[in-house]
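> Chain by chain, the residues run as shown.
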Amino acid sequence: MKDKRSYKLIIGLGVVAAILLGKLFYIQIIDNKYKINASNNSMVYDIIYPTRGVIYDRNGKIIVGNKVAYDIMVTPREVKPFDTLMLADALGIRPDLIREKMAEYARNRRKIGYQSVVFLKQVPPETYMRFGELQYNFPGFRGQVRSIRDYPVDAGGNLLGYVSEVDQSFIEAHEGEYRPGDYAGKTGIEAAREKDLKGEKGYHIYLRNSKNQIEQRYKDGLMDKEAVPGRDIVTTIDADLQQYGQSLMQNKVGSLVAIEPKTGEILSLVSSPGIHVDMLANIGQHYDEISRDPYKPMFNRAVQAPYPPGSVFKLVNGLIGLQEGTLRPEMAYPCSNGYHFGSHTLGCHTHRSPLVLEEAVMMSCNSYFCYVLRNVLENKKYKDIAESLDRWNDYVQSFGFGHKLGSDFPAELGGTLPTSKYYNKIYGKGGWKFTTIISISIGQGEVGVTPLQIANFCATVANRGWYRIPHIIKASEGVKIDPKYYEKQYTMVDTLQFKKVIKGMWRAVNSGYGVGATASIAAVPGLDICGKTGTAQNPRGADNSVFICFAPENDPKIAVAAYIENAGFGATWAAPIASLLVEKYLQGEISEERKYLENRILQANLMSGVKID
Amino acid sequence: MVNLSDRGVKKSVDWKLVGAYLLLVLIGWVNIYASIHSGGPASIFDFNFNCGRQFIWILSSIALAAIILFVINPRIWESIAVPAYLFVLILLVAVIFLGIEVKGSRSWFEFGPVRFQPAEISKISTSLLLATLMSQANYKISRAKDLFLTLLVIGIPMVIILAESEAGSALVYISFIFVLYREGLSGWWLFCIGMAILLFVLTLTVSPLVSAIVLAGTVAVSHVFHSRRIDKWFPINLSVVVVFSLLPWILRQLSKIWDAAGTVDPLYVFAGIVLCAVPYFIFKGYKNRNSFLPLSAVAIVAGLALIFSTDFLFDNVLQEHQRKRIEVLLGMKDDPTGVGYNVNQSMIAIGSGGFTGKGFLNGTQTTFGFVPEQSTDFIFCTVGEEWGFLGSALVIFLYVFMIWRIIHNAERSREAFTRIYGYCVASCIFMHLFINIGMTIGLVPVIGIPLPFLSYGGSSLWAFTILLFISIALFRQEKKYY
Numbered sequence: 001m002k003d004k005r006s007y008k009l010i011i012g013l014g015v016v017a018a019i020l021l022g023k024l025f026y027i028q029i030i031d032n033k034y035k036i037n038a039s040n041n042s043m044v045y046d047i048i049y050p051t052r053g054v055i056y057d058r059n060g061k062i063i064v065g066n067k068v069a070y071d072i073m074v075t076p077r078e079v080k081p082f083d084t085l086m087l088a089d090a091l092g093i094r095p096d097l098i099r100e101k102m103a104e105y106a107r108n109r110r111k112i113g114y115q116s117v118v119f120l121k122q123v124p125p126e127t128y129m130r131f132g133e134l135q136y137n138f139p140g141f142r143g144q145v146r147s148i149r150d151y152p153v154d155a156g157g158n159l160l161g162y163v164s165e166v167d168q169s170f171i172e173a174h175e176g177e178y179r180p181g182d183y184a185g186k187t188g189i190e191a192a193r194e195k196d197l198k199g200e201k202g203y204h205i206y207l208r209n210s211k212n213q214i215e216q217r218y219k220d221g222l223m224d225k226e227a228v229p230g231r232d233i234v235t236t237i238d239a240d241l242q243q244y245g246q247s248l249m250q251n252k253v254g255s256l257v258a259i260e261p262k263t264g265e266i267l268s269l270v271s272s273p274g275i276h277v278d279m280l281a282n283i284g285q286h287y288d289e290i291s292r293d294p295y296k297p298m299f300n301r302a303v304q305a306p307y308p309p310g311s312v313f314k315l316v317n318g319l320i321g322l323q324e325g326t327l328r329p330e331m332a333y334p335c336s337n338g339y340h341f342g343s344h345t346l347g348c349h350t351h352r353s354p355l356v357l358e359e360a361v362m363m364s365c366n367s368y369f370c371y372v373l374r375n376v377l378e379n380k381k382y383k384d385i386a387e388s389l390d391r392w393n394d395y396v397q398s399f400g401f402g403h404k405l406g407s408d409f410p411a412e413l414g415g416t417l418p419t420s421k422y423y424n425k426i427y428g429k430g431g432w433k434f435t436t437i438i439s440i441s442i443g444q445g446e447v448g449v450t451p452l453q454i455a456n457f458c459a460t461v462a463n464r465g466w467y468r469i470p471h472i473i474k475a476s477e478g479v480k481i482d483p484k485y486y487e488k489q490y491t492m493v494d495t496l497q498f499k500k501v502i503k504g505m506w507r508a509v510n511s512g513y514g515v516g517a518t519a520s521i522a523a524v525p526g527l528d529i530c531g532k533t534g535t536a537q538n539p540r541g542a543d544n545s546v547f548i549c550f551a552p553e554n555d556p557k558i559a560v561a562a563y564i565e566n567a568g569f570g571a572t573w574a575a576p577i578a579s580l581l582v583e584k585y586l587q588g589e590i591s592e593e594r595k596y597l598e599n600r601i602l603q604a605n606l607m608s609g610v611k612i613d
Numbered sequence: 001m002v003n004l005s006d007r008g009v010k011k012s013v014d015w016k017l018v019g020a021y022l023l024l025v026l027i028g029w030v031n032i033y034a035s036i037h038s039g040g041p042a043s044i045f046d047f048n049f050n051c052g053r054q055f056i057w058i059l060s061s062i063a064l065a066a067i068i069l070f071v072i073n074p075r076i077w078e079s080i081a082v083p084a085y086l087f088v089l090i091l092l093v094a095v096i097f098l099g100i101e102v103k104g105s106r107s108w109f110e111f112g113p114v115r116f117q118p119a120e121i122s123k124i125s126t127s128l129l130l131a132t133l134m135s136q137a138n139y140k141i142s143r144a145k146d147l148f149l150t151l152l153v154i155g156i157p158m159v160i161i162l163a164e165s166e167a168g169s170a171l172v173y174i175s176f177i178f179v180l181y182r183e184g185l186s187g188w189w190l191f192c193i194g195m196a197i198l199l200f201v202l203t204l205t206v207s208p209l210v211s212a213i214v215l216a217g218t219v220a221v222s223h224v225f226h227s228r229r230i231d232k233w234f235p236i237n238l239s240v241v242v243v244f245s246l247l248p249w250i251l252r253q254l255s256k257i258w259d260a261a262g263t264v265d266p267l268y269v270f271a272g273i274v275l276c277a278v279p280y281f282i283f284k285g286y287k288n289r290n291s292f293l294p295l296s297a298v299a300i301v302a303g304l305a306l307i308f309s310t311d312f313l314f315d316n317v318l319q320e321h322q323r324k325r326i327e328v329l330l331g332m333k334d335d336p337t338g339v340g341y342n343v344n345q346s347m348i349a350i351g352s353g354g355f356t357g358k359g360f361l362n363g364t365q366t367t368f369g370f371v372p373e374q375s376t377d378f379i380f381c382t383v384g385e386e387w388g389f390l391g392s393a394l395v396i397f398l399y400v401f402m403i404w405r406i407i408h409n410a411e412r413s414r415e416a417f418t419r420i421y422g423y424c425v426a427s428c429i430f431m432h433l434f435i436n437i438g439m440t441i442g443l444v445p446v447i448g449i450p451l452p453f454l455s456y457g458g459s460s461l462w463a464f465t466i467l468l469f470i471s472i473a474l475f476r477q478e479k480k481y482y
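Taken in order, these protein sequences are the chains called A and B. Per the working numbering, the very first residue in the first sequence carries number 1; after that it's consecutive. Per the working numbering, the very first residue in the second sequence carries number 1; after that it's consecutive.
If you are wondering where the hints come from, they were derived from the structure by calculation, not from laboratory data. Don't take every hint at face value.
[Said to hold, decoys possible] PhoX-like cross-link-like pairs, simulated, lysine-lysine; straight-line CA separation at most 20 Å:
#1 K358(B) with K35(A)
#2 K33(A) with K358(B)
#3 K67(A) with K201(A)
#4 K67(A) with K121(A)
#5 K140(B) with K4(A)
#6 K474(A) with K195(A)
#7 K23(A) with K4(A)
#8 K557(A) with K474(A)
#9 K480(B) with K16(B)
[To be verified] Chain B residues, not near chain A, derived (Cβ > 10 Å throughout):
#10 I27
#11 V82
#12 L133
#13 F148
#14 L202
#15 V240
#16 G458
Because the structure is a prediction, the values reported are computed rather than measured. Glycine included, C-beta positions come from ideal geometry on N, C-alpha and C.
Chain A on its own, in the form it takes in the complex (with noise of 0.2 Å):
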């Protein structure tokens, strides 16, 4: 019995020796996969990055360019010894930085066998010459060259945005695009038309033989690519009107934005402070610093924060009333400090009473437009409050509040509209009237609402009722935009109503001084600047100022909104701000009589008034 156990045995032996010999036949002779993957194996893709697109503005200048760098390449099993406090010279970095990375490599060897990882990024050609001098002393160790960005003019970071190194978690966003070591625009316009301005990367693939030596071209280059460079991208940025505006907006917080009323193209968008482009070439260097900053640079206000409007919606109200039928121009409302209601006031500053409509625009009075609100609200038309103001708020959303515009600029933001429901869900149904949300009437309480849409609304008015999506993007060869940035987008209000408020705004601005116009310092003489002041309620520190003007008065060229934090009256800086802005724009330069005033903007720093967390 035993005996035939040992057979058994042998046999169980020729088993597993015919299981490896047939599972060794079918890998080495029948199937070809593991040739091919040995083949892929000894290949070398020589990656060739593409160049980004360059951005241009509206006049064909470059706003951000492409400039060479290098990053140090090493294949850590090419490496002999090598003196590492000559390297770090060379490279200018600490010594400690190659002995770290050296280490880290070695515990990875297995992982990296015989590839080359990224040394060090962004070398400047400079540094990159001095280690060419000497690089025949540090075996292993190349250069390739990167294109990196390039900034001529300083046109804003939160506009432009950056570029920087994909992370694993952006690879995953967005599968099969990006790979490990690829750049892509994560902020601004470099995000937004991150598909036109990336390219397409190239290789080369060379053969190497079992002593690791590149030995030719792979089928003679049949099937390398050449990398196909990025699309250039035209912009509707005035270059030269971005950069003035950054530095009327430097030292404060807010923005400032311009817009083409015809076209709807954005001419300028400036928040401030900003990221400084010298650091967005480098971001990861500074991403720490800026992400620090207590006033927040990262946080595009332009198009994300939520303000009340302040005054400037006077105009949204008047307008309504005006197509609603419950305000005539020639209506008058008299004003005592303020609007009383029961023991409560909503105060106003002191100017002379009653006022009609033309007046109340130039003067800014509160209780003129609360009484435009009422009647707006408590319209007999309408069954009852909530129902009114529904329809207000229908009104409000066709000048482009309460949503997002639709703008071609990533992560823009809506803002805020109530609506009845909303009324409702705070007082319970019936439970709010007229008096509940007097706020709104003059654009405090619920309402809020980004800059661009202020400067899109000064926009919709200078259009006398309709305006264009605001767009960043112009269309050019190859380079088509969305058709709807083309399209009209009608107010609810008829043209015909325009009139009326837009001779308000003319009088606000250029009534002269002494007869209560509220925005005078904003008038530059032969440009018929039209305007509305705002001065929002900020319940962290002093009052908001705003503006909004457009000129000229009867063939708009530029619509301006300036939102200004914690810097009090309108007329005391968004006016001036916005002013000189439309002049510079209009002019091409400020005039004599208003340089005192640009200096005075230039050199004001209100950062101190600002509340930070």
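Start from chain A and add chain B according to the hints.
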């Protein structure tokens, strides 16, 4: 000192076995050189590289072999078995506290430039003690006490090695089951171990229910073989198995009438029925004096317990890296850059060799460092890539020849000690061969054990040389005097 007169060296030594050994060692040395060739050793004797050092190990191994063969009296092995076993046990425990850590396990001693792993020589001492124990005149493997003692001899070093986190080396001890089988252990043991592995894999890869059905089916079929009453048993058992396989379908139909039925896991129904049936079978078996019925009931319960605990074993007992390797091998996870990297690269290297290979020193995969551990655990990749199917088949043939020759000699020996020791050697070499080559071609999870005689490493080469040449010396002794 030594009497060589009897039958002479020429006739008494199994030179075919020695020849196979020398060939394998030579093949190993050449391939170690090839695998690091691109790193640039000046020659195969360059002592700065593995190949040069391996040359020293080979020379010393041959010297060692000669001493065992010609100097030491083979009688000594049986007498030192107990102290040697105890001494190695002490080393195995000591290394946990005094050893250096290599890749997460503390199993190496380091003396200056020399490292050595007690687990390697423990194979020798365990084999010697096993042979001593089982060759006792009154030893009977069917006796529970003797079997227990035998399992203890195998189990103690195995458990200590497991504690050193060297699961691969511990696995080799399972191969001693073949020795026990040869010496009269019931074939059911082999069968049960095979079944346990099958159920474990099925539960992980297919589903616990399928695994349970296979279990039921196997027990039913074994019943048939055991009772040899196909006519009666087969219909009953078959119908039971069919009903079990249809359980999910039956439950689905039931759920149309009775909602709760849909939420019942078929596996629990199955387990419930089985647990009810077990007392009945035990009772019936007791009444009919049929020992098979209670045994099969116990087998089913044990099988079910394994199925239910598989997830627990897999998630909690196995270590993270072992779990991943099994997942990759069973195709539960595809991971060519992570855990699957080694296997994938090694299969690419071997697969690209084709029929005749790329030629000596012309391999691209093994020399670029795509294959990790290419001169130790993955040395077979170099053989596969540079020498192709022919070279691989030759190596496997040499091993099979060696194992067969050992068994052949063992069967011819008159002394039980020689026979049992021979079987131990054959089993160890077989297990290493199967696991190591199996892992390089994706048949077995990656378990880091060397390929005997081929892999780089002094401690491994010495240990296998001693292991093998003790058996050759014992065989020689038989031929010399009988």
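> Which hint numbers doesn't this structure obey?
7
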